[in-house]
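Colleague: Single-letter residue listing:
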Amino acid sequence: MSLTFFSRLLLAGTVVVAAPFGLAQAPAAPANPVAEAPVQGPASQRSISEWLLRMHEASRRRAYRGTLVVSSGGNMASSRIWHVCDGEQQIERVESLTGVPRSTFRRNDQVITFSPQTKVAVAEQRESLGLFPNLLQSTDNAIDQFYTVRQTGSERVAGFEADVVQIEPRDKLRFAYRVWSEKKTGLVVKLQTLDGQGRVLEEVAFSELQLDAPVSMNKLARMMANTEGYKVESPELSKTSAAAEGWQLKQPVPGFKPMSCLRRPAANGAAGANSTLQWIFSDGLASVSLFIEVYERRRHGPEGLMAMGATHTLARRWSDKSGEWWLTAVGEVPAQTLQAFVQGLERGK
Amino acid sequence: MTQQVSTPAELVSALADGELRGEALVQAVQWLQENDDARANWHAYHLVGDVLRSGELAALGTNDAAFVARLRSRLQDEVQFGQPGSDLPATDARTESLQGLSQHEVANDASFRWKLVAGFASVAAVVVVGWQLVVGVNASSGTPQLARVEVLPTQEQAQVMIRDPRLDQLLAAHRQSGGISAFQMPAGFLRNATYDRPAR
Amino acid sequence: MTGPTLSAGNDSDLLLVERTLAGDARAFELLVIKYQRRIQRLIGRMVRDVDLVEDIAQETFIRAYRALHQFRGDAQFYTWLYRIAVNTAKKFLLELKRDPLVTESALKNGDDEDETSRSGNEPIEEETPESVLAAREIAAVVNAALQALPEDLRQAVTLREIEGLTYEEIAQVMDCPIGTVRSRIFRAREAISVKVKPLLENQSGKRW
Chain A
687 MSLTFFSRLL LAGTVVVAAP FGLAQAPAAP ANPVAEAPVQ GPASQRSISE
737 WLLRMHEASR RRAYRGTLVV SSGGNMASSR IWHVCDGEQQ IERVESLTGV
787 PRSTFRRNDQ VITFSPQTKV AVAEQRESLG LFPNLLQSTD NAIDQFYTVR
837 QTGSERVAGF EADVVQIEPR DKLRFAYRVW SEKKTGLVVK LQTLDGQGRV
887 LEEVAFSELQ LDAPVSMNKL ARMMANTEGY KVESPELSKT SAAAEGWQLK
937 QPVPGFKPMS CLRRPAANGA AGANSTLQWI FSDGLASVSL FIEVYERRRH
987 GPEGLMAMGA THTLARRWSD KSGEWWLTAV GEVPAQTLQA FVQGLERGK
Chain B
390 MTQQVSTPAE LVSALADGEL RGEALVQAVQ WLQENDDARA NWHAYHLVGD
440 VLRSGELAAL GTNDAAFVAR LRSRLQDEVQ FGQPGSDLPA TDARTESLQG
490 LSQHEVANDA SFRWKLVAGF ASVAAVVVVG WQLVVGVNAS SGTPQLARVE
540 VLPTQEQAQV MIRDPRLDQL LAAHRQSGGI SAFQMPAGFL RNATYDRPAR
Chain C
515 MTGPTLSAGN DSDLLLVERT LAGDARAFEL LVIKYQRRIQ RLIGRMVRDV
565 DLVEDIAQET FIRAYRALHQ FRGDAQFYTW LYRIAVNTAK KFLLELKRDP
615 LVTESALKNG DDEDETSRSG NEPIEEETPE SVLAAREIAA VVNAALQALP
665 EDLRQAVTLR EIEGLTYEEI AQVMDCPIGT VRSRIFRARE AISVKVKPLL
715 ENQSGKRW
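Protein chains in written order, with this note's numbering: chain A, 687 to 1035; chain B, 390 to 589; chain C, 515 to 722.
Hints were generated in silico from the structure; no laboratory data involved.
Using N, Cα and C, we set each Cβ at its ideal position, and we do this for glycine too.
Check each hint, because a few of them may be wrong.
[What the hints assert, rightly or not] Simulated DEER-style distance windows between Cβ atoms: (1) C:Gly693 - A:Ser1008: 50 to 60 Å; (2) C:Ala654 - B:Asp425: 24 to 34 Å; (3) A:Gly915 - C:Arg562: 54 to 64 Å; (4) B:Gln419 - A:Asn794: 33 to 43 Å.
[To be verified] Selected chain A positions facing chain B (Cβ under 10 Å, derived; list incomplete): (5) Ala744; (6) Asn761; (7) Ser765; (8) Val780; (9) Thr790; (10) Val797; (11) Val806; (12) Tyr863; (13) Val865; (14) Ser973; (15) Thr997; (16) Val1016.
[What the hints assert, rightly or not] Sample of chain B residues facing chain C (criterion: CB under 7 Å; computed from the structure): (17) Leu404; (18) Glu408; (19) Leu421; (20) Gly438; (21) Leu441; (22) Leu460; (23) Arg463.
Produce the entire structure from the sequences given, and follow the hints as far as they go.
Modeller: What follows is the structure, given as structure tokens:
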């Protein structure tokens, strides 16, 4: 099955297609929000991209609210979620139920996080959120190349029947995923990240869900805009390129394409203008950030490999004739993948 | 809420009462560490409080500076945090607070706890992809061996947990800009908004 | 906001712990300065010898420093430190085979709050006459300075230090803005400290 036809539809700038893939049909017009997902091929024959697009579309077309539970590395957190969409716009609100109180709002790729305790609101534009589904095109179907998909059955989650879909990596450089996709809409109601042994590293699931809930977009929009009493901060990031910064990977890590490169202000209040470079890669499902800083003995160390749920971190010193650097590789990937990145790093002449 | 204009000394007083938040909190601690007089105040305020509550604590107040000076020189002999080689803490100081970590603790900490999978004093050897470090949680086990082993520790191995605010900040940056995944919508984004903490 | 707390809120202790872990040993010293007296008094209840009390207190802070990685930020730092102090003292006593000042059953009541015990001006036993005098002098100066304060300053600092109320609670009691509470407590502390500091400097001549 080829996606070129589908890709061309995307390039043409049409509304994201929910029509059957790879078939000679015009894209379906965006249905009203309460319509079900358009008819597609039988579940058992869907490709991985078809599954992913269906899951993505589901959240763009429905309003829902529920309680989400995240289990990661032996810790749990939960939150209350509201989601509503209206043609092109979607708004989400996430209220933390555990830990430090915080409210997160998202409108498309604009995100603002309110911290009631510190009275600080952090406003960001997260380009990474707007990338899908172009992702399928930009990674040259890396997802298909590096993962397989099969439906393994059905299960009920939060009162809804869901297709259970197993996404397996074709190599050891990435993790496996098990996705519970609500049968009618495709909405992801549960998602597990699994290691090479099939152990669950992390799980995200709705413990309670109300589809097509009466969520008011106006109310959420008003709440999101209400920053009174809060100090609003916007992190200063500047786009750059690895090449411009003098870095390259002598050997790409299979499947992972460079996505973007950013300069960030110094972390943790370090004195001076020691900013951090963040070089971002993705294979379509997993992503890795390579953080590069000028090495400072006072601030940096110890070296090592750390894990929290599915997220692994490799931190080490790196030096060549250009100087001493501190690398931190972070990603939802196995340790060896991070090692591959770190080893492949090279400073240009 | 209007911001109060205060002298640094007044901030130290408020800090001693745990009444500072956010920016002011960080600034006050910074001030304390850079300024001798501020630390003298920190000591005096706490001493006064202790004495007001119980006169007998006054007996100890005369010796405070000497106590801290003695401790300071001993601390310098300790492995410093944030330095290479300090990754594995001594285990003889296990306290009751470590007993029976439950399987699912509520993640209500202001900062994350990371599981230390493998610490190594220096990454001298070039590690080829496909070879992985054997997990060496016990510092006394010597140099890490290279072997073809799954890196994730098995259940039997001791879990050393660390906190690293710097790492938490990088994680936040990774989530913010780097979480590029087909799963972002909705699962990935919701997961981050639920689980993550705003970086300080 | 929870009820009255006599020890400072978690936030400042936690921030100091985090800074220590990030490599700033001075942040740990600030915690030591804050809790050293309480810890020494706690140990002093278990151990008779004054020099030993200080040794055990030193050891307690060293152990806390080493174990700082393991501190779970969801409990109070002082509670965690308290347990380390008790365990360290017990170990010392076992090793040195000395009889503790108090009995085992008293040790088991280890979670009574220091702050609530108002034992007046009893000095710790085995103190030298000079240090006893010095202690009495400090206590006398502090109390005299407190009484000499203007009423609003005295009330504010008393509500904070002795009653353990938060700024918000004090603001309600005194019917004034929180900013005023903060300012009054600060000025009260300054007024008392000014009189006490000379007594402290004479003793050891050490600088902070």
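Colleague: Against the earlier hints, flag every one the structure doesn't satisfy and list their numbers going up.
Modeller: none
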